[in-house]
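K.L.:
Based on the sequences and whatever the hints tell you, model everything.
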Amino acid sequence: MDIATHVFSALYQFGDAFAFLVLSACGLAVIFGMMGVINLAHGEFIMCGAYVTAATVHAGLPLPLGILAGTIVSALVGVLVELAVIRHLYDRPLDTIVATWGLSLIATQGTLIMVGSTMAGVGTPFGSFQVGDYSYSIYRIVLFCSALGVLAALYALFNWTRFGVLARATIQVPHMAAALGVDTRLIYSLTFACGAGLAGLAGGLYAPTMTLVPTMGATFIMEAFVTVVIGGADVFLGTAPAGGLLAIVKSGMTSWQGQLFGQIGLLVAVIIVVRVLPKGISGFVLRERT
Amino acid sequence: MTGFVSFFRRLEGPQTVGRGRAFWSLFAVVLLVALAYPLFSDGYTVGNTVYFFVWVFIALSLCLIWGYGGSLSFGQTAFFGIGGYAYGVLTLNFGSAYGFTLVALVVAVAIAALFAVLLGYFMFFGRIAGVFLGIVTLAVTLMLERFMAQTAGPEWHIGSARLNGFNGMSAMPPLTIPWPGEPIVLSADIGLYYFVLGLLVVVYLALRILMNSSFGNVIVAIRENPERAEMLGYDIRKYQLITFVIGAALAGISGVLYTVWGQYITPSSMGMTAAALPLIWVAVGGRSDLTSTVVGTLVVLAAFQALTIYGSQYALVFMGVLLVLTVLIAPNGLVLGLMHWLGRLAVRFKQRAG
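Protein chains in written order, with the numbering used here: chain A, 1 to 290; chain B, 1 to 354.
These are calculated hints, taken from the structure and not from any lab test.
Keep in mind that the hints are not guaranteed to be accurate.
Sample of chain B residues with no beta-carbon within 12 Å of chain A, all distances over it, derived [to be verified]:
#1 E12
#2 G70
#3 S96
#4 V107
#5 A161
#6 R228
#7 R287
#8 V299
Quick look at which bits of chain A chain B covers, simulated, 3 or more residues with Cβ under 8 Å [said to hold, decoys possible]:
#9 20-28
#10 95-106
#11 218-226
#12 256-270
Some, not all, of what chain A presents toward chain B, calculated at C-beta under 7 Å [as the list claims (entries may be wrong)]:
#13 I38
#14 Q109
#15 M114
#16 V115
#17 G116
#18 M119
#19 R185
Here a beta-carbon is modelled for each residue, glycine too, at the ideal position from N, C-alpha and C.
P.N.:
Structure follows, in C-alpha cells:
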C-alpha cells in the first residue's frame, strides 16, 4: 500500500465524520443560533425524517423523493411543535430544554408503541468502489457532498433571500425588527421549521445507512450537541469549522483506537474547547473581528 | 451553646418552604408514620418503598443544582452510575467483611464527587452556563453509557470484577454493619429501609440548614443574578463548583443505594431515559424547594409504578406529557404550588381567627 491510498483513506474517513457531524448538527445550530433554544427533541426529528423516508421508499418512491418527503414532514411537525410548545417558552430558555426533552420521550416511546421496535431499512444505494486494498461506499461521498450542499444552501438562504435578512434582523434586535413591521413570531416559526426540516433531511440521508429503531435519534444527538457547543451560535463561522475540527479528532481517534475512542475524543475536545473558548469558535472569531 | 442553637435555627429560613410549629409537627407525624410503616407491611412492599427513597437522593441533587443553583445539569445520572459501578467494583474485589461495604459506600460517593470536581472545574471555570451546561453534562452521561455498554469482553475488568458490558454488574454484597458477634446484613427490606430512611432524613435536614446558611443564600443570589452576585464580591465559579460537587455526591449516594438495593447496575442507568426521569420528578414536584422535591418525587414515582402495571410503554409517554404540561402550565411545580396555596390558606385562616 502506498502513501496515496493512505491519504485517500484518511480523507475518506474525515469526509465521512465531517458529513455526519455537520448534517446532524446544522438543524440544531440553526435553531440555537437564531432563537437561543436548544431542541432536545432534535434526535427525534431526525428519527422522524428517517422513518418517513423509509416508509415512502417502501411505498415505491425513489430515494431522493423519499428524503424530500422526510424533510417536509419533519418541518411540518416542527411547525406544530413550535406552535404548541416552544412559542410559549421563548423567555425561559432552560425550560425549553426540559419541555423538548419531554417531547423527545413522547416521540421515542410513541414511535415504539405505534411502529414497533424496528422498521425495515432501505438498502444503501450506489454500491462501492475500490482504492488500493480497500473498498469504499459511494454513498458516503454523496453524504459528504450533501453536507457541503446544505452549508452552501443555508448560506444562500440567510444572506441572499428576504427571509434570511428578516431572520437575521429578528435575531439581532427582536424588538426593533418587530417595530419595523417584521412578524417576528412567524420568523421564529419558520426558523424552527427550517431547523426541524434539516434534522429530517439528516435522518433521510442517513436512513439507508443504519438500522431504523425508535432510539436512533440518540446516535446523532451527542455528535450534534458537541458540534453546536464547540461551534457556538453561528452556523457558518461555528458549525462548519467545528465540524471540520471534530471530524479530524473523531476520524483520527477512530482509526487509531476504534469507534469508542473517537467518541471519547470528541467529548474531551469539547471539554477542553469550552474551557478555552467559552463562546465556541464563532464567539472567538466574532470577538476578534470587533 | 448559642452557636449550636443558631445552627439548628437554620432549619427554617427564606430558602425553604415550611416553618413554625405546624410544619414541624407535620414533619414529626410523617416521620413517625415512616418509622412505624414496616410494622404494618410486608417485606416486598417495604423493599419497594426503599426503591422510591433511593431515587429521592438524586432528585435532591438536581433540586440543589438546578432549583437552587439555577444551572441545569442533565448529567446527574453520570454520577449515579459512577457511584453504583464504583460500589460494585470495590465490594466485588474486597468483599463485605469488617464493615467494608460502608467504606465502599463512602469511597464510591467520593469517587463520584471527585469526578464532579474535575468536570465542574472545566465547566464553571470555563464559565459555561445555561443551556451549554445542560448539553455538556448530558453528553458526559451518554458517553459513559456508551463506554460501559461496550465493556462486554473478559478483557474489561477491574481487579476481579467484570464490567459485563450492556448486562451490567451484579451480585454485589448488601450493606453490612459490623457488630460484635454477628454482623448486621441490611438486605433489601426492613434493615435497608431504616438505613435509607435515616440517611434521607439526615440529608434532608442538612440540606435545609445548608440552603438557609449564608452559602445557600449566595447560591440563590447567583441563580437570580450572577453578575450582581459577582459584583458583590463572590467568586461565583467556586460556589457553583461546590454546589455541583455536593449534588454529584448526592447522586452518587443514590447510585450506591440503588446498587445495594437491587444488587445490580447496568449502563442504561446512565442513558437518555434514565437521565430524563429525575428531571421529571423534580420539575413536577417543584424544583426550587427541598420539601416539594421530596414529596413530588415520591408521588410521581408511585404514580409511574402504578401506571407501569397497566402498560409500561404508555407510562413513559405519560411522563413526557406530564413534563411538558408542567413546564407550560405550572413552571414552578405542582407540589410547590400546592404548598404555597396551603400556606396562604393557613394565613387567611389565622387572620380570620384573630
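K.L.:
Next, verify each hint and record whether it holds.
P.N.:
Results for each hint:
A cut-off of 12 Å between C-beta atoms confirms that E12/B is not in contact with chain A; the least separation is 28 Å. Once the 12 Å rule is applied to beta carbons, G70/B is inconsistent with being away from chain A; the minimum gap is 8 Å. For S96/B, the shortest C-beta to C-beta distance to chain A comes to about 33 Å, beyond the 12 Å cut-off, and the non-interface label holds. No Cβ of chain A comes within 12 Å of the Cβ of V107/B; the nearest lies about 25 Å off, and the non-interface call holds.
The beta carbon of A161/B sits about 20 Å from the closest Cβ of chain A, which is more than 12 Å, so the claim that it is off the interface holds. The Cβ of R228/B lies farther than 12 Å from every Cβ of chain A, with a closest approach of about 19 Å, so its non-interface assignment holds. For R287/B, the non-interface assignment is contradicted: its Cβ lies about 10 Å from the closest Cβ of chain A, within the 12 Å cut-off. Every Cβ of chain A is farther than 12 Å from the Cβ of V299/B; the closest lies at roughly 18 Å, confirming the non-interface assignment.
Using a Cβ-Cβ cut-off of 8 Å, 0 residues of the segment 20-28 of chain A lie near chain B, which falls short of the minimum of three, so the contact claim is violated. Note: the segment 95-106 of chain A has 10 residues with beta-carbon separation from chain B under 8 Å; the three-residue rule is met and the coverage holds. Counting residues of the segment 218-226 of chain A whose beta-carbon sits less than 8 Å from any beta-carbon of chain B gives 5, enough to reach three: the coverage restraint holds. Evaluation of the coverage hint for the segment 256-270 of chain A: fulfilled, as 5 residues show C-beta separations to chain B shorter than 8 Å, against a requirement of three.
At about 4 Å, the closest approach between the beta carbon of I38/A and any beta carbon in chain B falls short of 7 Å, and the interface hint on this residue holds. This hint holds: Q109/A has a C-beta 4 Å from the nearest C-beta of chain B, less than the 7 Å allowed. Below 7 Å, beta-carbon pairs count as interface contacts, and M114/A has none with chain B, the closest being about 10 Å; its hint is therefore violated. The beta carbon of V115/A is not positioned within 7 Å of any beta carbon in chain B (closest approach about 12 Å), and the interface hint is therefore violated.
At its closest, the beta carbon of G116/A sits 11 Å from a beta carbon of chain B; the interface hint therefore is violated under the 7 Å criterion. With its C-beta approaching chain B no nearer than about 17 Å, M119/A sits outside the 7 Å limit, and its interface hint is violated. The interface hint given for R185/A is broken, as the beta carbon of that residue sits about 17 Å from the closest beta carbon of chain B, more than 7 Å.
Violation of the numbered hints given earlier is confined to hints 2, 7, 9, 15, 16, 17, 18, 19; the remaining hints are satisfied by the structure.
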